[in-house]
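Trainee: For reference, the chains in residue letters:
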Amino acid sequence: MKDFLLIYRADYSTYPSSKPDRSPEEMQALTQKWMNWVAGIAAQEKLIDRGNRLVYSGKVLKSNGSVSDGPYTEIKESIMGYSLIKAGSLEEASGLAQGCPILSYDGSVEVREINAI
Amino acid sequence: MPSDPRMQEQELIPHLFRTEYSKIVAVLCHSFDLRHLEIAEDIASETFLKATEIWGIKGVPENPAAWLYTVAKNKVKDYFKHNAVVERQVKEAMKLNDIEAALEFEFSHQNIADSQLAMIFSVCNPENSTDTQICLALQILCGFSVEEIANAFLTNPETIKKRLHRGRVNLRNGNFQIKGLSDLEVKVRSESVLKTLYLLFNEGYFSKTNDHSIRKDLCSEAIRLALILTENVLTNTAQANALLALMYFQSSRFDARTNEKGEVVLLEDQDRGLWDQGLIERGNHYLVNAYEGKEVSRYHLEAAIAYWHTTPTGENKWQHILQLYNQLILVEYSPVTALNRAFAFGKVYGCEKGIEEAEKLNLNDNSHYYSLLGYLYAGVDVDRAVSHYKQAIALTRSRVEAETLAKEVRRLGERKDENL
Numbered sequence: 000m001k002d003f004l005l006i007y008r009a010d011y012s013t014y015p016s017s018k019p020d021r022s023p024e025e026m027q028a029l030t031q032k033w034m035n036w037v038a039g040i041a042a043q044e045k046l047i048d049r050g051n052r053l054v055y056s057g058k059v060l061k062s063n064g065s066v067s068d069g070p071y072t073e074i075k076e077s078i079m080g081y082s083l084i085k086a087g088s089l090e091e092a093s094g095l096a097q098g099c100p101i102l103s104y105d106g107s108v109e110v111r112e113i114n115a116i
Numbered sequence: 000m001p002s003d004p005r006m007q008e009q010e011l012i013p014h015l016f017r018t019e020y021s022k023i024v025a026v027l028c029h030s031f032d033l034r035h036l037e038i039a040e041d042i043a044s045e046t047f048l049k050a051t052e053i054w055g056i057k058g059v060p061e062n063p064a065a066w067l068y069t070v071a072k073n074k075v076k077d078y079f080k081h082n083a084v085v086e087r088q089v090k091e092a093m094k095l096n097d098i099e100a101a102l103e104f105e106f107s108h109q110n111i112a113d114s115q116l117a118m119i120f121s122v123c124n125p126e127n128s129t130d131t132q133i134c135l136a137l138q139i140l141c142g143f144s145v146e147e148i149a150n151a152f153l154t155n156p157e158t159i160k161k162r163l164h165r166g167r168v169n170l171r172n173g174n175f176q177i178k179g180l181s182d183l184e185v186k187v188r189s190e191s192v193l194k195t196l197y198l199l200f201n202e203g204y205f206s207k208t209n210d211h212s213i214r215k216d217l218c219s220e221a222i223r224l225a226l227i228l229t230e231n232v233l234t235n236t237a238q239a240n241a242l243l244a245l246m247y248f249q250s251s252r253f254d255a256r257t258n259e260k261g262e263v264v265l266l267e268d269q270d271r272g273l274w275d276q277g278l279i280e281r282g283n284h285y286l287v288n289a290y291e292g293k294e295v296s297r298y299h300l301e302a303a304i305a306y307w308h309t310t311p312t313g314e315n316k317w318q319h320i321l322q323l324y325n326q327l328i329l330v331e332y333s334p335v336t337a338l339n340r341a342f343a344f345g346k347v348y349g350c351e352k353g354i355e356e357a358e359k360l361n362l363n364d365n366s367h368y369y370s371l372l373g374y375l376y377a378g379v380d381v382d383r384a385v386s387h388y389k390q391a392i393a394l395t396r397s398r399v400e401a402e403t404l405a406k407e408v409r410r411l412g413e414r415k416d417e418n419l
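In order, the protein sequences belong to chains A and B.
Each residue of the first sequence is one higher than the one before, counting from 0 in numbering that gives the first Met the number 0.
Each residue of the second sequence is one higher than the one before, counting from 0 in numbering that gives the first Met the number 0.
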């Protein structure tokens, strides 16, 4: 078994949880989707850490000394959150990532094997 | 009162033995030292022997428990009087002054409760495997005989004897003082205590044995011990309340979940009239207590699921149950939780989605995995349902379960014939 990091990316401006007019029902449905999906991985004994969401605001530091607000001004897909899973292969890990709710909001999941230090 | 004193005695003594033996042992250990566990047990046994002899001739006293306590106390005094002379040199554990002070112990309600609580914490020693802890709990805290424990575990008395012996050695070497329970000890041991009581209850509820009365005894003993926890400020935690709520909810269905042949009746097919409303109300009481704080433990989640099962099927019932199972599987993986979650998934999103979710589990050596698939396939593909049920029958070690499943296979076969 190898460990994999799942990185969830989506456009903050269109993702439901950042929409100002979101309804409690929408939010509840979104939570249920995520819970169903992540618990589905846990039910296969493949979840290491459900991970976390990331706060909208952030800073980006660059080699030229500049410090700018957030990664989201320039790129459409910001990192929304991450989880840690385990799988026998990269293929299996990508299989587990199928059905991730972020995919139904035009987002993406990046699957990366952990190279332990 | 029955007129034949011997009849009366036959029923009374085993009952008293169950309830009073463990109390006497706990109080004696609490007053002296856990290392004297065997002495305490000898004294308790001799007390009952004397009761059998004297009550057989003179009849049962008005207050049998008080009679037993007095005899036990006198036997302790005799023991120390006799042995103080002989063994004074070797009594490294206690000074004579301490012994005299300890001899002033009483069998008051408070002292019994405190002693039993301390005993629970001594017995649930993580040095021992959970199976051993359960056996020790049954013997020391619940007064079960080796045969009864072997019967509950469907194993032979020799195995249980060995397990108990090893467990007792660990208890003696553990240097755990049964005297006063400190905050720290409670914190360190609580998890182990709750888990043992939880497993003790489950041993009864999902037992391998078909002996209905032993199963019920295991469950009611687990409840009795959990109640002791909630009656003391130190141990009256949110988790203990949640565990107790879970036990009461489950117990409320005890009579409804098996039919007269001992076959398991699924929740949805149970006669709700057989559910014990009194126990459900007690469950509600402790569930409310459990949720007073912010803590959400696995016991909270399991109690909440058990609560939803006591409610009539409404629009969101299964969605609530599914979300609770989602949380539970994130707290701790277990095949049972994974299977129950897939069942709930099927209830919310339909059997086909349930099948998808269940098939991912790949629990290929688990009979319940195949019986779940059999259940989910029943409305989708009868042939596959039957082959899954047959696989479950091949894997199960429970005769009753195999019979229940075989009945389901026959039912599906008949249904298919009707449709042809």
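In case anyone wonders, no lab produced these hints; they're calculated from the structure.
Treat the hints with care, since some could be wrong.
Quick list of the computed label-pair ranges, beta carbon to beta carbon [to be verified]:
(1) A:Gln97 to B:Lys160: 51 to 59 Å
(2) B:Asp182 to A:Gly94: 32 to 40 Å
(3) B:Asp182 to A:Ser103: 44 to 52 Å
(4) A:Gln31 to B:Gly261: 32 to 40 Å
(5) B:Ser333 to A:Thr13: 52 to 60 Å
(6) A:Gln31 to B:Leu153: 22 to 30 Å
(7) B:Leu265 to A:Gly94: 31 to 39 Å
(8) B:Lys160 to A:Gln27: 51 to 59 Å
(9) A:Thr30 to B:Pro156: 49 to 57 Å
Negatives, chain B to chain A, calculated, CB over 12 Å [said to hold, decoys possible]:
(10) Phe16
(11) Glu45
(12) Glu146
(13) Ser191
(14) Lys215
(15) Arg223
(16) Lys260
(17) Trp274
(18) Leu278
(19) Glu291
(20) Gln322
(21) Ser333
(22) Arg340
(23) Val347
(24) Glu400
Since this is a predicted model, take the numbers as computed values, not measurements.
Glycine is no exception: its CB is placed at the ideal position from the N, C-alpha and C atoms.
Trainee: None of the hints should be skipped; say for each whether it holds.
Mentor: Tested hints:
no.: 1; hint: A:Gln97 to B:Lys160: 51 to 59 Å; verdict: holds (53 Å)
no.: 2; hint: B:Asp182 to A:Gly94: 32 to 40 Å; verdict: violated (49 Å)
no.: 3; hint: B:Asp182 to A:Ser103: 44 to 52 Å; verdict: holds (50 Å)
no.: 4; hint: A:Gln31 to B:Gly261: 32 to 40 Å; verdict: holds (39 Å)
no.: 5; hint: B:Ser333 to A:Thr13: 52 to 60 Å; verdict: violated (38 Å)
no.: 6; hint: A:Gln31 to B:Leu153: 22 to 30 Å; verdict: violated (41 Å)
no.: 7; hint: B:Leu265 to A:Gly94: 31 to 39 Å; verdict: holds (33 Å)
no.: 8; hint: B:Lys160 to A:Gln27: 51 to 59 Å; verdict: holds (55 Å)
no.: 9; hint: A:Thr30 to B:Pro156: 49 to 57 Å; verdict: holds (52 Å)
no.: 10; hint: Phe16; verdict: holds (44 Å)
no.: 11; hint: Glu45; verdict: holds (52 Å)
no.: 12; hint: Glu146; verdict: holds (38 Å)
no.: 13; hint: Ser191; verdict: holds (24 Å)
no.: 14; hint: Lys215; verdict: holds (32 Å)
no.: 15; hint: Arg223; verdict: holds (34 Å)
no.: 16; hint: Lys260; verdict: holds (33 Å)
no.: 17; hint: Trp274; verdict: holds (29 Å)
no.: 18; hint: Leu278; verdict: holds (30 Å)
no.: 19; hint: Glu291; verdict: holds (24 Å)
no.: 20; hint: Gln322; verdict: violated (6 Å)
no.: 21; hint: Ser333; verdict: violated (9 Å)
no.: 22; hint: Arg340; verdict: violated (6 Å)
no.: 23; hint: Val347; verdict: violated (9 Å)
no.: 24; hint: Glu400; verdict: holds (22 Å)
The structure shown violates the earlier hints numbered 2, 5, 6, 20, 21, 22 and 23.
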